[in-house]
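With the hints as a guide, bring the two chains together.
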Amino acid sequence: AQSVTQPDIHITVSEGASLELRCNYSYGATPYLFWYVQSPGQGLQLLLKYFSGDTLVQGIKGFEAEFKRSQSSFNLRKPSVHWSDAAEYFCAVAPGYSSASKIIFGSGTRLSIRP
Amino acid sequence: EPEVTQTPSHQVTQMGQEVILRCVPISNHLYFYWYRQILGQKVEFLVSFYNNEISEKSEIFDDQFSVERPDGSNFTLKIRSTKLEDSAMYFCASSGPSGNEKLFFGSGTQLSVL
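As they're listed, the protein sequences go chains Y and A.
Okay, so the first sequence: first residue is 8 according to our numbering, each after it adds one.
Okay, so the second sequence: first residue is 45 according to our numbering, each after it adds one.
Source of the hints: derived by calculation from the structure; they are not laboratory data.
Be aware that one or more of the hints could be misleading.
Cross-link-like lysine-lysine pairs, in silico, BS3-like; alpha carbons within 30 Å at most [claimed, not checked]:
(1) K146(A) / K122(A)
(2) K146(A) / K75(Y)
(3) K68(Y) / K86(A)
(4) K101(A) / K127(A)
(5) K146(A) / K56(Y)
Partner residues are not named here, just some residues of chain Y that face chain A (Cβ under 7 Å, in silico) [claimed, not checked]:
(6) Q49
(7) G50
(8) L51
(9) L53
(10) F112
(11) S114
Don't be surprised by glycine CBs; every beta carbon is placed ideally from N, CA and C.
Only chain A is shown next, with the shape it has when bound in the complex (with noise of 0.2 Å):
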C-alpha cells in the first residue's frame, strides 16, 4: 500500500527556535493535512491545504504555523517560534484527487520543545 513519508521521526529544538517537519505525501493525492497529538490527549486537526493554499485550518493553526508545497512532492509544516505547548506528535496525511477517499497517515515526528 503506498504510504506518507515524515522525516525526521522526532525532532528536538530549543523554545523560540523555528522548526520545519517535512512530508512526502502519497504521489497522486492532491489533499493534504497536518494533524496534532500531545502526549495523552486527542489527535487534533491543524489545517488542510488543496491547490497550493490553504483550504481549511482549526484554531490551532495560528500566526505562528505556516505550511508550503515547495516543490512537487513536499509538504511542510513550519512553527516559527516554538513553544513548550508546541511539544506533540504531528501527523501529516493525504488523500486521492476528490478529497473524499479515505485519508492515509504518515507515522508522524514526534515534536520536543525544551
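Here chain Y stands alone, though its shape is the one from the complex (with noise of 0.2 Å):
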C-alpha cells in the first residue's frame, strides 16, 4: 500500500540557514509526488511536484526537492530560510497525475523560523 513518511514533526531552524525536509514513501512503481505548503489561516499550497524527468525538481518560494529512487525520497530544501517560511509542509504522493481522489498526504512537518 502507498503511505508517505514525513519523520519530523517540527523543525526550527535560523532565518538565513539551509533547510531539508525529508519526505519518504512506500509505491510500488514511480509515484507522482508534491510538497504543499500550509501558512497559518492559508490554504494548502502547492510547491512543487515530480511527475518525471529531472529529478531534481525546482518550485516557488525557492524551493527545490529531489526524487532518489534508491532511497525512496523526496526531500524538499531550501538553501536560505526566510522568517515568511514558518508554516506547515506536506509532502503527498499519487498514483497518477489525474489520481487526486488517491493522494495521500504525509502528517507534515512544522516549520519554525529562529531570528
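Have a look at this one:
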C-alpha cells in the first residue's frame, strides 16, 4: 500500500540557514510526488511536483526537491530560509496525475524560524 | 492567483446537529473535492464531485455526509448529525477543466463539535 512518511514533526531553523525537510514514500511504481505548504490561516498551496524527467525539481518561493528512487525519498530543500517560510509542510504521493482522490498526504512537518 | 473560498473559517456546533460547510471553487473549474484533517493526523480524502455527481468517495464519507452544488458557484458539504469525532479542519479543493491540473485548496473550515 502507498504511504508517505515525514519523520520530523517539528523543525526549527535560524533565518538565513539552509533547510531540508525529509519525505519517504512507499509505492510499487514511480509515484507522482508533491510538496504542499500551509501557512497559518491559509489553504494548502502546491510548492512543487515531480512526475518524471529531471529528478531535481524547482518550485515556487525558492524551494527545490530531489527525487531519489534508490532511497524512496523526495526531500524538500531551500538554501536560505526567510521568516515567512514558517508554516506546515506536507509531502504527498499519488499513483497518477489525474488521481487526485488517491493523493496520500504525509503527517506534515511544522517549520519554525528562529530570528 | 485564483482562490478557493471557504466559509465559515470556524464553526462550532453541538453533537447531533447538522452543519453545512460552504466552498466557492475557482470559477472555471469542474472538479471539486473535500478533504479533512483531524488534529495531529494526516489530510484525508473525503469525496470528489464532477458533473453534478459524486465521482469517488472514501470510507470516511458515510451516509451522514452529503455534497451538493446548489448553484453555479457554491459547493457544500453537509454533515447530517455531527459526532465528536467529526471535529476537524475541512478543506475544499477544485481543479480545472480536465481534472488533470493541480488542485487548488481553500483555507479550510475548522469544525468543532461539542
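Hint numbers not upheld by this structure, sorted from lowest to highest: As far as the earlier hints go, not one is violated by this structure.
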